[in-house]
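K.L.:
Line by line, the protein sequences give chains A and B.
Be aware that the first sequence starts at 90, since it is given in our numbering, and climbs by one per residue.
Be aware that the second sequence starts at 124, since it is given in our numbering, and climbs by one per residue.
Read the hints as simulated data drawn from the structure, not as lab findings.
It cannot be assumed that every hint is accurate.
[To be verified] These stretches of chain B come out as covered by chain A in the derived footprint (C-beta under 8 Å, 3 or more residues):
| # | region |
| --- | --- |
| 1 | 141 to 147 |
| 2 | 208 to 214 |
| 3 | 228 to 236 |
| 4 | 245 to 255 |
| 5 | 349 to 356 |
| 6 | 361 to 370 |
| 7 | 384 to 395 |
[What the hints assert, rightly or not] Estimated spans, in silico, between C-beta atoms of each pair:
| # | chain 1 | residue 1 | chain 2 | residue 2 | range |
| --- | --- | --- | --- | --- | --- |
| 8 | A | A270 | B | I392 | 47 to 57 Å |
| 9 | A | Q274 | B | N130 | 16 to 26 Å |
| 10 | A | A197 | B | T389 | 17 to 27 Å |
| 11 | A | Y200 | B | T389 | 12 to 22 Å |
| 12 | A | Q274 | B | L374 | 52 to 62 Å |
| 13 | B | F171 | A | A197 | 22 to 32 Å |
| 14 | A | L285 | B | R399 | 31 to 41 Å |
| 15 | B | F278 | A | I113 | 18 to 28 Å |
| 16 | B | P169 | A | L283 | 46 to 56 Å |
| 17 | B | I392 | A | T106 | 38 to 48 Å |
Everything numeric in this text was worked out from a predicted model, so none of it was measured.
Heads up, the beta-carbon is just placed ideally off N, CA and C, and yes, glycines get one too.
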Amino acid sequence: MAALGKTKRKAGFIPLTIIFILFIVFLYGPTATIAILSFQGPEGGLTFPMNGVSLHWFRQLFEEQQVGDFGGSLTRSLLLGLSVMLCTAVFSLLAGLAYRRSFKGGDALFYLTLVSLILPSILISLGIGIMFDRIGLSPAWYSSAFGAHLTWTLPFGLLIMFAVFNRFNKSYEAAAIDMGATAWQTFRLVVFPLILPSLIGVCLFGFTLSYDEFARTLMTAGTFNTQPLEIYGMTTNVTTPVLFYALGTMTTLFSFTLISSALIAIWAVRKSRARKAPTGV
Amino acid sequence: MRFLTANPSYLQVTPLALVILLFLLFPVATIVIVSFWDFNAYQLIPDFIFENYEFLLTSSVTLSAYLKTFFYAITTWAITLTLGFTVAYYLAFYIRSPLLQGVLFVLCTVPFLTSNIIRMISWIPLLGRNGLVNSTLQEINLIDAPIEWLLYSDFAVVLAFVHLYTLFMVVPIFNSMMRIDRNLIEASIDAGASAFQTIFQVVVPLCKSGIAIGSIFVVTLVMGDFITVSLMSGGLSASVGVLIRNEISLLQYPAAAAGAVVLLITVLIMLSIMFRFINIKKEL
Numbered sequence: 090m091a092a093l094g095k096t097k098r099k100a101g102f103i104p105l106t107i108i109f110i111l112f113i114v115f116l117y118g119p120t121a122t123i124a125i126l127s128f129q130g131p132e133g134g135l136t137f138p139m140n141g142v143s144l145h146w147f148r149q150l151f152e153e154q155q156v157g158d159f160g161g162s163l164t165r166s167l168l169l170g171l172s173v174m175l176c177t178a179v180f181s182l183l184a185g186l187a188y189r190r191s192f193k194g195g196d197a198l199f200y201l202t203l204v205s206l207i208l209p210s211i212l213i214s215l216g217i218g219i220m221f222d223r224i225g226l227s228p229a230w231y232s233s234a235f236g237a238h239l240t241w242t243l244p245f246g247l248l249i250m251f252a253v254f255n256r257f258n259k260s261y262e263a264a265a266i267d268m269g270a271t272a273w274q275t276f277r278l279v280v281f282p283l284i285l286p287s288l289i290g291v292c293l294f295g296f297t298l299s300y301d302e303f304a305r306t307l308m309t310a311g312t313f314n315t316q317p318l319e320i321y322g323m324t325t326n327v328t329t330p331v332l333f334y335a336l337g338t339m340t341t342l343f344s345f346t347l348i349s350s351a352l353i354a355i356w357a358v359r360k361s362r363a364r365k366a367p368t369g370v
Numbered sequence: 124m125r126f127l128t129a130n131p132s133y134l135q136v137t138p139l140a141l142v143i144l145l146f147l148l149f150p151v152a153t154i155v156i157v158s159f160w161d162f163n164a165y166q167l168i169p170d171f172i173f174e175n176y177e178f179l180l181t182s183s184v185t186l187s188a189y190l191k192t193f194f195y196a197i198t199t200w201a202i203t204l205t206l207g208f209t210v211a212y213y214l215a216f217y218i219r220s221p222l223l224q225g226v227l228f229v230l231c232t233v234p235f236l237t238s239n240i241i242r243m244i245s246w247i248p249l250l251g252r253n254g255l256v257n258s259t260l261q262e263i264n265l266i267d268a269p270i271e272w273l274l275y276s277d278f279a280v281v282l283a284f285v286h287l288y289t290l291f292m293v294v295p296i297f298n299s300m301m302r303i304d305r306n307l308i309e310a311s312i313d314a315g316a317s318a319f320q321t322i323f324q325v326v327v328p329l330c331k332s333g334i335a336i337g338s339i340f341v342v343t344l345v346m347g348d349f350i351t352v353s354l355m356s357g358g359l360s361a362s363v364g365v366l367i368r369n370e371i372s373l374l375q376y377p378a379a380a381a382g383a384v385v386l387l388i389t390v391l392i393m394l395s396i397m398f399r400f401i402n403i404k405k406e407l
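With the hints as constraints, model all of the structure from the sequences given.
P.N.:
Below, the structure written as structure tokens:
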């Protein structure tokens, strides 16, 4: 393998590295561009060249708005994201545990969960919207949009849990039971700590996917917008585009902060475990 | 109730099952039922008519929207597959330090967790008439007049799709590649295969299911999309999703429902073909 690696590295390493770097630039470049543009002066326009440098637009964002409801939509998105995160983590953990035994209908439910993931979002949005309308409930971000988000986050949670339990070494559990631990103790003291890093991953997915979700929220949010809907509304009636760039930059920075916190948390959990069990788990 | 105590799985799986029942099966059933209803400007009228379908399936607008959507799906699929495969291949076979590999992999996947809408909008200052690309090209005298087709065009739509969805290819393909026994590649080289022969006759067949999973994601995401198309084409282009979205905004729910049912059937047919290549449970 080492010898092979060396010969391979000579052939194609440089062009592939260049492609990879270009790909990363392609992924992050546009977002970085609007981040730079959002620091323009008060006279700044939609594109380059920049008109001075200032924090003007970020200040504008937090001042009273002539259009839209920035604060309200942010609060709703955060609350919705947190509740979706919590339910995704708990529901997929439970379902993951359930699938460790076989049970009737398990396969059907698994495939339906996959369907829920790959079904075009507009179908779910429309379906939930009409369903609420027909049973005489008015759609709202905490009811219909909450359900719509779960149809998007739960499949990811379940798939992560499947991946975790497929790789799970059952002898730790068996050892705990042999030593007289109850089922609850085995779960709380052995299984749960082992899967905690993945569970943090599920939480991260649950929150960010809900926080950024647009298509499934469109017909299910009811009267009050969530943040992505608000942003979309701003794109269609832009009066001050740079304000909008500032909003985009804030949102992206927020997502990055969340992702890094989750990654650090996962790393910390692993690290503290490595210290407790030098042989590695 | 006895089966609940006998097998706790039933209890544990209940929350998931309820969500699927209430927010997936009921809504889809609602769409199917409503697609046969009648409607006027003010309300939905429960009925059993085929007019929504008749209108939909005989309209030339539908046909051109489907052709457009297939065009987007196939182009995006081909580009994301090539790009995603190359990136995954580089990560899996050229980066030898597991730490660096992990970091680069995360770097590729982080955008998935940020807002799609903002990622799309970010292209506007770059591609616009006076955008960064045009002004740079003019400055270095490569072009005299701004290129008009950079923004609000099919090019912009496909570019945004590739930008948004390539990582749906990278992740499953990378995942399959990491399971390939490195000895097989060595054997292939030893047997005299060139690098390209090794890629196409050893690596590609062994990550067939990763490719299939990525393709399922990309194709279904593009088929059901309406926001990317309406934003990046500037409203000039209509995909199937855009048509449904328009009918929704005109409150023509039965028509939108019929459109959604036809879209659902189309996607299911495409999925049934792609699912032949994989066993999802083995992949995890």
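K.L.:
Tell me if the beta carbons of L285(A) and R399(B) are separated by a distance inside 31 to 41 Å.
P.N.:
Given range 31 to 41 Å: holds, Cβ gap about 37 Å.
K.L.:
For A270(A) and I392(B), compare the CB-CB distance with the range 47 to 57 Å and indicate the outcome.
P.N.:
51 Å, holds
K.L.:
Has the hinted range 17 to 27 Å been met by the Cβ atoms of A197(A) and T389(B)?
P.N.:
23 Å, holds
K.L.:
Return holds or violated for the Cβ distance of I392(B) and T106(A) against the range 38 to 48 Å.
P.N.:
40 Å, holds
K.L.:
Does the hinted range 52 to 62 Å hold for Q274(A) and L374(B) at CB?
P.N.:
57 Å, holds
K.L.:
If you check the beta carbons of F171(B) and A197(A), does the distance land in 22 to 32 Å?
P.N.:
29 Å, holds
K.L.:
Report holds or violated for chain A covering the region 141 to 147 of chain B, Cβ cut-off 8 Å, minimum 3 residues.
P.N.:
With 5 residues close enough to chain A, the hint holds.
K.L.:
Establish whether the coverage given for the region 349 to 356 of chain B by chain A is satisfied; the threshold is a Cβ-Cβ distance below 8 Å, and no fewer than three residues must meet it.
P.N.:
holds (count 3)
K.L.:
If I claimed the Cβ atoms of P169(B) and L283(A) lie 46 to 56 Å apart, would that claim hold in this structure?
P.N.:
53 Å, holds
K.L.:
Can you let me know if the beta-carbon spacing of Y200(A) and T389(B) is within 12 to 22 Å?
P.N.:
Given a distance of about 19 Å, which is inside 12 to 22 Å, the answer is holds.
K.L.:
Do three or more residues from the region 384 to 395 of chain B put their C-beta atoms closer than 8 Å to C-beta atoms of chain A?
P.N.:
Held - the region 384 to 395 of chain B has 4 residues with a Cβ nearer than 8 Å to chain A, which meets the minimum of three.
K.L.:
If you look at each residue in the region 245 to 255 of chain B, do at least three have a Cβ nearer than 8 Å to any Cβ of chain A?
P.N.:
It holds, with 9 qualifying residues against the three required.
Against the hints set out earlier in the document, no violation occurs for any number.
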